[in-house]
Amino acid sequence: MLDAAEAERREVSQRRFTSIDRTILRDAADEDARWFIVMRNPARRGLGEAQRSHEQHSAERLAFLETMGLAESIQPNAWRVRRDFEGVLRAMQRTIDHQKTLTAHGVLMSDERLPVTVLNWRETSAVEGRILVHGQDEASGRNYLMLEGTDAKVHFIHYTPEMEQVRHQGGLRTNAFVRLRRMFVDGAPTLETEDLGNSENVLRNQQHLTDTARKLIKRGVIPTEDGWGGWLGRYQAALRETALRLEQEQEQTELTRRHDRHRDRDRSRGR
1 MLDAAEAERR EVSQRRFTSI DRTILRDAAD EDARWFIVMR NPARRGLGEA QRSHEQHSAE
61 RLAFLETMGL AESIQPNAWR VRRDFEGVLR AMQRTIDHQK TLTAHGVLMS DERLPVTVLN
121 WRETSAVEGR ILVHGQDEAS GRNYLMLEGT DAKVHFIHYT PEMEQVRHQG GLRTNAFVRL
181 RRMFVDGAPT LETEDLGNSE NVLRNQQHLT DTARKLIKRG VIPTEDGWGG WLGRYQAALR
241 ETALRLEQEQ EQTELTRRHD RHRDRDRSRG R
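Residue numbers (the numbering used here): 1 to 271.
Worth flagging that the hints you see were computed from the coordinates, not collected in a lab. Treat the hints with caution; some may be incorrect.
Estimated spans, in silico, between C-beta atoms of each pair [unchecked claim]: (1) N41 to T174: 42 to 52 Å; (2) R94 to M183: 27 to 37 Å; (3) Q93 to D151: 17 to 27 Å; (4) N198 to L25: 39 to 49 Å; (5) E254 to N198: 35 to 45 Å.
Fair warning: this is a prediction, and the values are worked out from it, not measured in the lab. Each residue gets a CB set at the ideal place from its N, CA and C atoms; glycine is no exception.
Start from the sequences and build out the full structure, keeping to the hints where you can.
As structure tokens, then:
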């Protein structure tokens, strides 16, 4: 029993479809709903030791699924879970498996520590980063891509009609740096896609780095290096270097202006 409990405990934070998820899925009802409700209370009376352990692991698993955008806490000990969470988790598992060996269909994730989350356009207006891989959900047949965001998250994104069109036209290629922005045109929601080409070239694109750094500084955000490896680490380093340069240029400009003001004041006093 201890071995089984330990194996189940290890499943709590795994980014794949697990045996715990299978028991969660048994609670799904109402085939038309996009979500289903799950109750898990390890403190309720009448549970044996093994049942309490499983209930605890299930609650912890649901909390982890919430960090991935696959579940939402609605009250203590209750969550609503996306009905397609099995398909999403299995798709993530295939993508992560692909990342373990470089294949012709994808590029390696910068750092295996990066969290993976399902993008929710209700909570996000824009995201940018490099495309790791494209795939198709075997259960639903929906196309998706995995985007390594500059926010240090790997986003699982189902295609929208706009993305399908750009993809059909040859855009959104693997390893491309893209910006996706939700907007409204004449009151109707749409998705704007901007493809900046090969992500390696973005690391040397001074115009992009300067514009991005200026926007962040204007918002009071100073770019940092967070210790990630791979492409993301190099991107953060390039952005940080650009921000420091802009700050130095701004300081030099202020010094020059002060010097000019003092000079003009001295001249006016000498007249």
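For each hint, the structure was consulted:
The hinted window of 42 to 52 Å between N41 and T174 holds, with their beta carbons roughly 44 Å apart. Distance hint for R94 and M183: a CB-CB separation of about 31 Å, consistent with the stated range 27 to 37 Å. About 23 Å separates the C-beta atoms of Q93 and D151, a value consistent with the hinted range of 17 to 27 Å. Distance hint check for N198 and L25: the Cβ-Cβ separation is about 40 Å, which falls inside the suggested range of 39 to 49 Å.
Checking the proposed 35 to 45 Å range against E254 and N198 shows it holds: the Cβ atoms sit about 37 Å from each other.
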